[in-house]
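Novice: Position chain B relative to chain A; hints supplied.
For the protein sequence lines, the chains are A and B, in the order given. Take the first sequence: its position 59, counting from 1, is numbered 59 in our numbering, and each next residue is one higher. Take the second sequence: its position 69, counting from 1, is numbered 183 in our numbering, and each next residue is one higher.
Derived from the structure by calculation, the hints contain no laboratory data. The C-beta atom is built at its ideal place from N, Cα and C for all residues, glycine as well.
Which stretches of chain A does chain B cover? Using the computed rule of at least three CB atoms under 8 Å from a CB of chain B, they are:
| no. | segment |
| --- | --- |
| 1 | 48 to 58 |
| 2 | 80 to 92 |
So these bits of chain B aren't anywhere near chain A, every CB distance computed over 12 Å:
| no. | residue |
| --- | --- |
| 3 | 127 |
| 4 | 132 |
| 5 | 170 |
| 6 | 184 |
| 7 | 199 |
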Amino acid sequence: EAGVTQSPTHLIKTRGQQATLRCSPISGHTSVYWYQQALGLGLQFLLWYDEGEERNRGNFPPRFSGRQFPNYSSELNVNALELEDSALYLCASSPMAGGNTEAFFGQGTRLTVV
Amino acid sequence: AQTVTQSQPEMSVQEAETVTLSCTYDTSENNYYLFWYKQPPSRQMILVIRQEAYKQQNATENRFSVNFQKAAKSFSLKISDSQLGDTAMYFCAFMNPSGAGSYQLTFGKGTKLSVIP
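Pulled out of the complex, with its shape left as it was, chain A reads as follows (with noise of 0.2 Å):
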């Protein structure tokens, strides 16, 4: 069975511009989160989807957006990127919304603003 699948694994963009990033979860979850690593700050909490509904959004501001498709894949856009915005992005599925399922993780997609 395919795990989380995440495009590209690299991704070099200049300031100001506009970033995608897709995030196929495993089949048969519909819970999808995205997570950001940046260099000295740990993981943190960017968005949630469950079932085409944005559930719940980290402390981010709004240029930081996504979606979840009908097939529950999922883009996060990024616009107006900022140099801070260098990280790696971590996409995360589970079958269900709930603390007793595990969250699968993909590899990631490195962004780098230049």
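Specialist: Frame of chain A; chain B shown alone:
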């Protein structure tokens, strides 16, 4: 808001020895979940072990076990018989399954563990 603190940025252990990674957390909730995740150089986060706060028994998964002290809000990870493949970043994480921040994981900043041959 919940916070998770890992006070050991880096640790090392000899192969086959035992090592303990520390984690403390702060919450006013009574029902929650705690996790240890491993992130090897491949970058993929892998769940090592999970503890439910209402269970008094410490979780164990093969060579990995936890010491969960609810009153002290402490959740340490013990790795026995350390292997070279255990070299990785280890993250402690907290989840509260109710309230505004439901189901999202709050992570500590991680402990970089190196297993020395």
